[in-house]
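Position 95, counted from 1, in the sequence shown is what numbering that gives the first Met the number 0 calls 94; the numbers after and before it change by one each time, with no gaps.
Check before you lean on any hint, since a few could be wrong.
[To be verified] Restraint-style ranges between C-beta atoms, simulated for each label pair: (1) A15 x E52: 44 to 50 Å; (2) P71 x P50: 16 to 22 Å; (3) V8 x S34: 35 to 41 Å; (4) P50 x T9: 44 to 50 Å; (5) T54 x R5: 52 to 58 Å; (6) G43 x P71: 21 to 27 Å; (7) I39 x A81: 20 to 26 Å; (8) T31 x R66: 27 to 33 Å; (9) V33 x F78: 45 to 51 Å; (10) F16 x F78: 53 to 59 Å.
Simulated from the structure, these hints should not be mistaken for laboratory data. For each residue, glycine too, the CB sits at the ideal point set by N, CA and C.
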Amino acid sequence: MYRVRRMFVTLATTLAFGGSVFQIGGCDVLGTAVSAISTINPCGTLLVCDPREYTFVTSGIDGPGARPYDDPFCVYPPFCSASVDPIFGGLNPLIP
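With the hints as constraints, model all of the structure from the sequences given.
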């Protein structure tokens with residue numbers, strides 16, 4: 000009798016713990032992990048590069064144009080100076 004009760008308590012505890020893990024992380028644990036890792040900027044901590052360049056490359060800006068939701072300071076990012084555009088300005092070494 001004690002053995003059956005112990006097995007039942009162990010099974011109930013395992014199911015309760017497993018259910019709570021799925022409630023916290025959702026059913027797509029791999030997707031949550033990938034989205035968490037993809038938001039990390041590796042420049043300055045893991046790689047030797049400019050964090051603003053990495054942010055610009057991964058921002059999705061694919062060409063010039065007036066899109067204030069991408070960069071409200073410059074029409075041609077990153078071809079503005081750092082004094083005009085504090086987000087992506089100064090990334091081009093040919094523009095002072």
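Here's how the hints hold up against the structure:
At about 48 Å, the beta-carbon gap between A15 and E52 stays in the expected band of 44 to 50 Å. For P71 and P50, the Cβ-Cβ distance of about 19 Å falls inside the hinted range of 16 to 22 Å, so the restraint holds. At roughly 37 Å, the beta-carbon separation of V8 and S34 lies within the given 35 to 41 Å, and the hint holds. In this structure the supplied range 44 to 50 Å holds for P50 paired with T9, their Cβ-Cβ distance being about 49 Å.
Checking the proposed 52 to 58 Å range against T54 and R5 shows it holds: the Cβ atoms sit about 55 Å from each other. As the Cβ distance of G43 to P71 is approximately 24 Å, the hint placing it in 21 to 27 Å holds. At roughly 25 Å, the beta carbons of I39 and A81 sit within the given window of 20 to 26 Å. A beta carbon spacing of about 30 Å between T31 and R66 agrees with the range 27 to 33 Å that was offered as a hint.
In this structure, V33 and F78 break the distance hint of 45 to 51 Å, their C-beta atoms being roughly 32 Å apart. Distance hint check: the CB atoms of F16 and F78 are about 55 Å apart, consistent with the given range 53 to 59 Å.
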